[in-house]
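Asks: Let the sequences and hints guide you as you build the complete structure.
There are 2 protein chains.
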Amino acid sequence: MASWVDIPPSSDFSLANIPFGIISTSDEPDPHVAVAIGIYVLDLKVLAANIDLPKIFTSLANHPHVFAQPTLNAFARLGRAVHREVRTTIQDLLSSETTRPEILRDNETLRQKALIPQRAVKMHLPMAIGDYTDFYAGYHHAYTVGVMFRGPQNALQPNYTHLPVGYHGRASSVVVSGTPIRRPRGQILLDPQSDKKEPQTSPTRKLDFELELGCFIATPNEMGESVSINEAEQHIFGYVLLNDWSARDIQAWEYVPLGPFNSKNFGTTVSPWVVLADALEPFRVRGIENTTPLQDYLKEEKAENVFDIQLEVDLTTPEGDTTTIARISGRNLMWSFPQMIAHHTLGGCPLQTGDLLGSGTVSGPGGASGGECGSLLEATEGGKKEVMLAGMDVRKFLKDGDTVTLRGVCGPDGARVGFGDCRGRVYSAPVSK
Amino acid sequence: MASWVDIPPSSDFSLANIPFGIISTSDEPDPHVAVAIGIYVLDLKVLAANIDLPKIFTSLANHPHVFAQPTLNAFARLGRAVHREVRTTIQDLLSSETTRPEILRDNETLRQKALIPQRAVKMHLPMAIGDYTDFYAGYHHAYTVGVMFRGPQNALQPNYTHLPVGYHGRASSVVVSGTPIRRPRGQILLDPQSDKKEPQTSPTRKLDFELELGCFIATPNEMGESVSINEAEQHIFGYVLLNDWSARDIQAWEYVPLGPFNSKNFGTTVSPWVVLADALEPFRVRGIENTTPLQDYLKEEKAENVFDIQLEVDLTTPEGDTTTIARISGRNLMWSFPQMIAHHTLGGCPLQTGDLLGSGTVSGPGGASGGECGSLLEATEGGKKEVMLAGMDVRKFLKDGDTVTLRGVCGPDGARVGFGDCRGRVYSAPVSK
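Those sequence lines, one after another, are chains S and Z.
If you count the first sequence from 1, position 13 lands on 13 in the UniProt record's numbering, and the numbers rise without skipping.
If you count the second sequence from 1, position 312 lands on 312 in the UniProt record's numbering, and the numbers rise without skipping.
Simulated from the structure, these hints should not be mistaken for laboratory data.
Some hints could be false.
Which copy is meant is left open, because identical chains are indistinguishable; a pair holds if it fits in one copy or across any two.
When the alpha-carbon atoms are kept at most 30 Å apart in a straight line, the in silico BS3-like pairs for lysine-lysine are as follows [to be verified]:
hint, residue 1, residue 2
1, K122, K196
2, K196, K299
3, K122, K396
4, K385, K399
Replies: What follows is the structure, given as C-alpha cells:
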C-alpha cells in the first residue's frame, strides 16, 4: 500500500500505521488531534474544518468537534468500530490510489494547511488519564528481579502464574515523551545488608528505566460489572511505549508490605502516538507459555495474544554518545492485555476511557549477556556489573544528563508500524528544603 | 455561637462546622455547591445568584461561578485563605447576631429558596479525584493485621516507624455515601495453609470494612517539587470519613509482592460533606508517639498533629437491627496528614487539587475486647471469633444486605463538628460470566 506522501522506508509511520496523537502548532496553539504519516502529521482538526466531515467520515456525523479536543478521550470513547472507520478512511485519503483524490491528494491548499512537518509541531500527552495500573507480565523481568529482592526460592510468588499481578500506579506523573525527569530524593538504606535499618534522605543513587508497553482503554465498564476475556479486546483503544522510571534504592526500602510508591511516582514517560489496536493486529504471536491451569475468566480464545514488536532501549550520555543497550521482542509477556483487563475488572473495578495499563518490564530470555534486559537492574545484576557504552563510558545506573529512548516497531521497511520515540532526560535532584 | 437556624444540639452540622458538599435538587438538578447547617443545606449557588457576591464574599469577586461547579475542585483550588473567608462569612450570615441580617436571616424569600431540608437534596461525590493514595498510619491496625499476615516477628516492617507507608489506590471506584457496594468476585485460596496453592474464583467470603479518615488536597505542587512539612497544612482542603472496603481472602492471595489490588478497587466510600481544615483546628491532639528519630523532612513544628475525632462504626443487618461495633478516637495515628504529604511529594510526585489521601485504618489500643477495631479482620481475629450484634445475630465478615455506617464527631452538643454518615450497603456478587 503506497502513499502519495513521501514516506522514508524506515519510518515508524507508514500507511499501515496511522497512529493518533495530540499536537499544537503555531497556527493552532490549542492542543488537538492529528495522525502521524512519515515525517509529517495530518492535522485532523484542520482537515475536519475544511471538508464535508459527515460525508467523508460517516461515523463522525454526530461528533463534528471530536478532533478539536485537547485529548483523545472523546475519540477513544466512540469505540473500536469508529476508530476502524476513521483509520481506514485516512488510509484511503493518504493512499496513492485514493478513491477521493480531490479531498486531499489533489487539493494543494488543504495539503499545505493540514500536512505539517513533525518538527514543526509540539506533542502533548495523548489522553487524560484517570487511573494508571502497572502490571508485572514480563516473566523474565519478574523472575530475575524477584531473585534479587527475595532470593531464588521466593523469586516468583505462588500467585504469579495464576493471575496477572498488578498494582495501582500514579496517574498525575505520567508525562509525554521529552518531558524532563528529575532525579527523585527519597529514603534509602546505604547498607541494606546491615541489621541496623537506619535510612537517610538523599537523591536516589540507583535511578533506572523500565521498558514497558502501555495500553489505553477506550470503552469503560460500569462499577460492579466485569469485562469478560473475549470482550476485553473491544475495550482497548491502542498502545504506546512506556518508561516506568524507577529508583531502586527507594523501592527496596519502601515497598513492603504495600508495594512500590515514591520509587515510581516521580515520573512515567509515554510515547506521544497511540498506535491503534487494529494496526497491531497483523503482528500477533503467542506469549510466554504458562503451564498453570487458568481460571475460566482468564482463558482466551486467541492463542496469539501478544505482539511481536521489536523493542529497543538507547542510552545517550551527557556527551551525546548513544548506545543501544537492549533489543527485546514484545512477545516476552506471560499475560496479555485482555487478560489484564479481565482480571482488573473481575471484582467490578470500573475502567474508564483514557485509563492506562502498563505491561510490566519486558525483558527477553537472553538476559544480561544477550542484551535483552528491559532495565539496568537486570543488565547490571543489581549494580554488580557495568553496562558498556559508546565513548568508553560505563553505567550501573543512570547519571544526571543521561537520556533514555525507547523504540518499538513491527513489520518490514516501507510498511512499518512503530511508536516513535519514548524519550526522557534525567536532571539533577532538587536542592533539599 | 448560636444560629437563627434551628439546629438540634446533637447535629454534626453546628455553626462551628460549615462543611462543603455537592448537591442537586429538583429546582437545580445540575450538581452544585452547598454547605450543611443542622438538618438543612444552604444552597450556595442559589445564594450567590441572589446577592451582591463580590460585596459579601470579597475573595470570590473574580470567581462568580465557583458555587455552580459540579465538584468542589474549583473552590478548593482557591486556597485556604479563601476557604477561611468564605466559611467565616457563611458563619456570620447564619449567626443569630449576624452583622448582615438583611442578606438571609430577615430575607424570607431567599431563605425559602436557599435553605433546603437535607432530605430533599441528593448528595454527589464532592471532588473530582485525580489520584487516591491510601496510607497505613493507624499503628494498632498495622500491627494487629501484620501479625495475622506475617506473624509477630514481621508484623511491622523495619520501614514502618521511619516513613508513612502508603500505596496508590483506585480513584475510579471512590463513591459517595449511599452508593451500593457489590460483593466482588476474585481469586481466593480456600485453604491458605495448604502447600497446594490452587486458587478458585468466587465471590469473596471475607468482605470487610476499614474505618479511615480521608483528606482532600486543595493546592497542587509542581512535578519535581516537594512540599515541605510545615507548608503541607496549607495544601489541605478538608476531611471526610472513608470506608476502604476490603476482600480479605482476595487480598491474602494477591498482595505479594506489589500490594493490594482487586481486594480494594471494587469500591471506596466517602462521606459527602468535606469538613474544612479550619473547622478541625480546635480539636488537635498528639498522635501515637513514635520514638524513632525522624528524617528532617518529616519533623513537624506542631506536636499536636492529629484530631480527637470520636469515630464509630455501626453495622445494620438486613433485618434492620443496628449495632455500634466500634468506638475509636481519631488520635490513633502514628503519622499526620502533613507528614503524609511531605513524604508523598519528597521525590517530586505532583499532588493535584481533588486528590484524596486515606489515613489507613484507625483502630484503638483496646483491640477486640475494647471495641476499638476499625475492621472486622481485627475484631474477629481474622475470622476466628464472632462479633455479637443486636437481634441475636453474629458476624465474622459482612453478609449480603448488611449496611456499614461510619460516623465521626468532635466537640460538645450544640457546637459539634461532625462528618455525617459514611454509609454503604452490600449487594450480592454478580452472576459469573
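Asks: Run every hint past the structure and note whether it holds.
Replies: Going down the list of hints, with the structure as the test:
Taking CA atoms no more than 30 Å apart as the test, K122 paired with K196 passes in neither setting, with 50 Å inside one copy and 55 Å between copies. Taking CA atoms no more than 30 Å apart as the test, K196 paired with K299 passes between copies only; the shortest distance there is 21 Å, against 47 Å inside one copy. Taking the shortest alpha-carbon separations for K122 and K396, neither the intra-copy value of 33 Å nor the inter-copy value of 57 Å comes in at or below 30 Å. Taking the closest pair of Cα atoms, K385 and K399 come within 30 Å of each other only inside a single copy of the chain (16 Å); across copies the shortest separation is 55 Å, beyond that limit.
Figure legend: structure checked against the earlier numbered hints; hints not met, in rising order: 1 and 3.
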